[in-house]
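**Student:** In order, the protein sequence lines correspond to chains G and A. Position 188 of the first sequence, counting from 1, maps to 188 under our numbering, and the rest follow consecutively. Position 247 of the second sequence, counting from 1, maps to 247 under our numbering, and the rest follow consecutively.
Calculated from the structure, these hints are not laboratory results. It cannot be assumed that every hint is accurate.
Label-pair restraints from in silico Cβ distances [claimed, not checked]:
#, chain 1, residue 1, chain 2, residue 2, range
1, G, T185, A, F445, 45 to 51 Å
2, A, I160, G, P62, 32 to 38 Å
3, G, K182, A, I106, 57 to 63 Å
4, A, S75, G, A26, 36 to 42 Å
5, A, I160, G, T185, 35 to 41 Å
6, A, I106, G, D49, 38 to 44 Å
7, G, T185, A, G104, 41 to 47 Å
8, A, G346, G, G82, 31 to 37 Å
9, A, F445, G, Q186, 52 to 58 Å
Note that CB positions come from ideal geometry on N, CA and C, so glycine has one too.
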Amino acid sequence: MSMSKMTGVLAGVVLMCGLSLSSARAAEIKGKVAVQGLRSPENIVVYVDAIPGKTFPAPAQPALIDQRKMTFVPHVLPVLKGTTVEFLNSDAVGHNVYWPSVGGNKKLTHNLGTWPQGQKKSFQFNDLGAASLLCNVHPEMSGYVVVVPTPYFATTDKEGSFVIKDVPPGHYTVKTWSEDGKPTTQDVDVAASGAALNLTVKK
Amino acid sequence: MMRRAIDAGLVVALAGVAVFLWFTACAVPRASAIPAFARKYQTSCTTCHNDYPELNDFGEAFKKNGFKFPKDDESFVKEPPVLLGAKAQREVFPKSVFPGEIPGMIPISFRYSGFASYNNRQPLAIGFQPRSDLFMPNTFTVIGAGSFGPNLSFWVDNDISSGGANAAAGLGDGYLKVNDISRPLHLPKDTMNVRFGQFELDLPFTQARSIDPTGYDIYSEASFAGVQGTTSNALQFGIPQRGIEIGGYPNDGNFEWSLAVVNGSNNNAAMRNSKDIYVRVSQRFNLERDPEVRKEVQAAGPTGPRDHTSIRFGAFYYYGENELNQDGSLFAGIGTLKEPFYRAGGDVRFKYRQFEVYGLGMFGHDNNLIPNTDTGMVSRGVPVNFSGGFAQAQYWIYPWMIAIMRYDFVNSPTDMLNSVSTLATRNRFSPGAQFLIRANIKAVFEFQRNWEIPIPGSVLPFRHYGFVAGVDYLF
Numbered sequence: 001m002s003m004s005k006m007t008g009v010l011a012g013v014v015l016m017c018g019l020s021l022s023s024a025r026a027a028e029i030k031g032k033v034a035v036q037g038l039r040s041p042e043n044i045v046v047y048v049d050a051i052p053g054k055t056f057p058a059p060a061q062p063a064l065i066d067q068r069k070m071t072f073v074p075h076v077l078p079v080l081k082g083t084t085v086e087f088l089n090s091d092a093v094g095h096n097v098y099w100p101s102v103g104g105n106k107k108l109t110h111n112l113g114t115w116p117q118g119q120k121k122s123f124q125f126n127d128l129g130a131a132s133l134l135c136n137v138h139p140e141m142s143g144y145v146v147v148v149p150t151p152y153f154a155t156t157d158k159e160g161s162f163v164i165k166d167v168p169p170g171h172y173t174v175k176t177w178s179e180d181g182k183p184t185t186q187d188v189d190v191a192a193s194g195a196a197l198n199l200t201v202k203k
Numbered sequence: 001m002m003r004r005a006i007d008a009g010l011v012v013a014l015a016g017v018a019v020f021l022w023f024t025a026c027a028v029p030r031a032s033a034i035p036a037f038a039r040k041y042q043t044s045c046t047t048c049h050n051d052y053p054e055l056n057d058f059g060e061a062f063k064k065n066g067f068k069f070p071k072d073d074e075s076f077v078k079e080p081p082v083l084l085g086a087k088a089q090r091e092v093f094p095k096s097v098f099p100g101e102i103p104g105m106i107p108i109s110f111r112y113s114g115f116a117s118y119n120n121r122q123p124l125a126i127g128f129q130p131r132s133d134l135f136m137p138n139t140f141t142v143i144g145a146g147s148f149g150p151n152l153s154f155w156v157d158n159d160i161s162s163g164g165a166n167a168a169a170g171l172g173d174g175y176l177k178v179n180d181i182s183r184p185l186h187l188p189k190d191t192m193n194v195r196f197g198q199f200e201l202d203l204p205f206t207q208a209r210s211i212d213p214t215g216y217d218i219y220s221e222a223s224f225a226g227v228q229g230t231t232s233n234a235l236q237f238g239i240p241q242r243g244i245e246i247g248g249y250p251n252d253g254n255f256e257w258s259l260a261v262v263n264g265s266n267n268n269a270a271m272r273n274s275k276d277i278y279v280r281v282s283q284r285f286n287l288e289r290d291p292e293v294r295k296e297v298q299a300a301g302p303t304g305p306r307d308h309t310s311i312r313f314g315a316f317y318y319y320g321e322n323e324l325n326q327d328g329s330l331f332a333g334i335g336t337l338k339e340p341f342y343r344a345g346g347d348v349r350f351k352y353r354q355f356e357v358y359g360l361g362m363f364g365h366d367n368n369l370i371p372n373t374d375t376g377m378v379s380r381g382v383p384v385n386f387s388g389g390f391a392q393a394q395y396w397i398y399p400w401m402i403a404i405m406r407y408d409f410v411n412s413p414t415d416m417l418n419s420v421s422t423l424a425t426r427n428r429f430s431p432g433a434q435f436l437i438r439a440n441i442k443a444v445f446e447f448q449r450n451w452e453i454p455i456p457g458s459v460l461p462f463r464h465y466g467f468v469a470g471v472d473y474l475f
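Excised from the complex, chain A in its bound form:
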């Protein structure tokens, strides 16, 4: 029988990394709505958001169009851009710099969100934990976004402080986007666009622009074999990636596709030479009966606009090849360990007037290699698998009062074996409510009922309750 020669210190280190990442997983960068656009167009936040930062149908169309109104954008701009060259300079190109433009005023917005939390008593085994904490996390974000002309747009958001006074957070998304690069091929508008920089993957449901005060558990699930092998994959879906993405949404956005090539190290520097690939496709079925209404950006009900009654189905797949021991410092004489992994899943979203329900299921698989330093051989261990997802329902009781029900579930036997979790399955039920005090100010409440929580050192599973309340405003 082959001797498994995994260094005990390494195992402890990997398990430690897993635990550390687990607890830092909640520090997902948060982007938001853009008051700079409200100023540019002299319009309310609710033009694009039902409950910021979640976009309504018009906001989706605005974003997809490179942060411009879907039609006749120039006629709505109350603050004209500064031309970086007359439009006629195009005729002189390449003998002059191609003309562009920048926003007339610096398109900067600010967001503050602070949440107070209250939890049930924690076991002393993990050290004293106060049951309540006021305005922690406490985040201040600077957001800049806009367009550089007909087809160029940009987005930058940075959490200046998070988790306490002057605590460094970092860049969320920072990308440049070129719309409609397939126009020379005479394909339908926006069949193909490209993004460069750091961005949240084209996830079925955005983490950065979620209305929820806490992140989706499945998005923060990382893969670590711990004592079971060498898998050490810190990738988390909810954290932005660095790379290039092409994608499009012809046919009025009913069909959407994207293909991204990314570092696979989230918002950190590259850890290996290979790049990861993420693919997503989705199809929306517009269930509005009136063909004319289906053509409009928003449905027009007898008492006002609303999102189209629709259902969207999607699928996504992420593939990468994690690498360990590149310099031989972990396992001398073994060489680089290459551990392919993938994440795959499906999602659905249904909207009906003031009600919407959505959710996704995801499966993660990481190969797990077992090196033998005596023989120099490498064998395949038990793969690190996990599955999970979430389901969420929202109902707008009034345009300013939103009731939320959410259920998160993560099934990860490896987490339990590594004491990251005390059970293989972690589930969370999070009912909540949000109140738009103004279009740019809201009060957020979320109750959490955890059937299991990942606390290292705890011996027995116990019931966990928590409550989060906070304020969130932009200007």
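With the rest of the complex left out, here is chain G:
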């Protein structure tokens, strides 16, 4: 075998090993959320609960919630604890953003004020739980920032499907948060090949 062929084979082996290692480190939790008594399985946050002994740095890039056509977009935004969220007003009318509590704790109420089109304000969410976003200019507007303890989270689509990416293999507790449903908790073992998880959220 020539030297060049040997090099090619070795490179191929290394690449294969690398790919297999990589997939072992970045498994997915796929699944579907069924609902009982709720209108839709959409916009349910599914997340891996706190992992003992592990902390996660907040992302450097801020997340964004837009106020467009008098709605919060997205309607539900899950973020890792410590994430900064920017609130943009894209409408030609003034909007306000405030939340009466975070995770039910009314001491964490906050009002960012009111600002015109094109401007944005930001806030760092350092407390776990859901913040119910409101606009006191347009009281029908509703949105949520759901602050979770790990970077392993996803939001369900219209069918209730979700994919939590980049989850290391291991044993975890998965929880749900939804606008009108009760929280659901379920343990899951994530193998190198990933895990499948079906959940039911009840009103």
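Model the placement of chain A on the given structure of chain G, informed by the hints.
**Tutor:** Okay, now just chain A, sitting in the frame of chain G:
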């Protein structure tokens, strides 16, 4: 000395008309907020109303803009209109009908308001009067409003029932409005607009869209000479008129003007050929310190939006020429009696965060002619004058809880001489409270302390107390 030859029967009839009008004055048509707009834009009533039907700064801008958002309206409409012709049809005009549009869904809303009342004991001289009445008046109103394209808007409201089951009420406002007709002259936007139809005059403070369960006393004051002469002017400010109005509000609505030509017969058919003229001008001074905030439709406080801190001063003038005896049936050989009259006044409104106070003063003057059927001569009698006004303060304790203080006063010696009132001055203090149970449902309470009330036949003035409570909802 000239003999005053006024037929005694006529005097009694005129006095009777005055009394009748006095007691029907409270039946002022009431318009309201529009859930049809809430549906069209998928937004809450509170976007436009602090306490419906009173408009907040945004609601005022919405109304002035022809029931459209002040900016980028199309992007907010959740229910697209039906086009009555492609926009490009404009290029074909006049060979085709100019394109327009109608609301995507029928823009109809409904309002019910029912009030229970409790009064102190009435003198038996006027016949037995029950001290309490449940849900009377009892009004159901149908409201339609919207736009027919960029510059055309419309409003129609009709009280289907009022004052009891199946009792007929009638049309409140029913008009078509064209915005910005001065655009070809390159004047600022909405410098000149025009309204046609039946509408409430551009009053300093609307009666039809007032939050109060009872009308402003000065708005329902009519002029009747009774035994003092021939003046018989049923005009009441609070009732809509039929006519044409041009007006505008350039400079972001700080300056407002309007000029209306109306029948002068309120919402009844014309009684004479001459038309009346109403003029109003007002200037708002925006007291917000931040120039950027002053530019915005609503002020943006640290905790949310609010109306601009501002003060508005206004003045109004109404002129008409009442006519009597047009066919000679009242005074043979005298001819038509023409009695010019005017109403003039000023107003002020101050807003500061959750507090606002406003009021107006008004003076009314009607010429009063005395015909002499023997000589065929007509002399001038003592004019029928009245003055009065009101002052009101409102405070939003919470966005859903509003405290109200109001004082009405009317000074009319002629009313006293004609037994419409037992004193020349009628005053009323009306504290109240309103609670928005939901954005479209409210409970209304008003206490009334009348120092004098207009009851024919009563001999002595007496203290009068009353209490009104009711529900008011729209959908």
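**Student:** Hints first: check each against the structure and report whether it holds.
**Tutor:** Against the structure, the hints come out as follows:
1. G/T185 - A/F445: 45 to 51 Å: Roughly 49 Å apart at Cβ, these two residues keep to the hinted range, so it holds.
2. A/I160 - G/P62: 32 to 38 Å: violated (55 Å)
3. G/K182 - A/I106: 57 to 63 Å: Distance hint for G/K182, A/I106 is violated at roughly 41 Å.
4. A/S75 - G/A26: 36 to 42 Å: holds (41 Å)
5. A/I160 - G/T185: 35 to 41 Å: Between A/I160 and G/T185, where Cβ atoms are some 56 Å apart, the hint is violated.
6. A/I106 - G/D49: 38 to 44 Å: Distance hint for A/I106, G/D49 is violated at roughly 51 Å.
7. G/T185 - A/G104: 41 to 47 Å: At roughly 45 Å between Cβ atoms, A/G104 and G/T185 fall inside 41 to 47 Å, so the hint holds.
8. A/G346 - G/G82: 31 to 37 Å: violated (60 Å)
9. A/F445 - G/Q186: 52 to 58 Å: Given a distance of about 53 Å, which is inside 52 to 58 Å, the answer is holds.
Checked against the numbered hints given earlier, this structure breaks hints 2, 3, 5, 6, 8; the rest are met.
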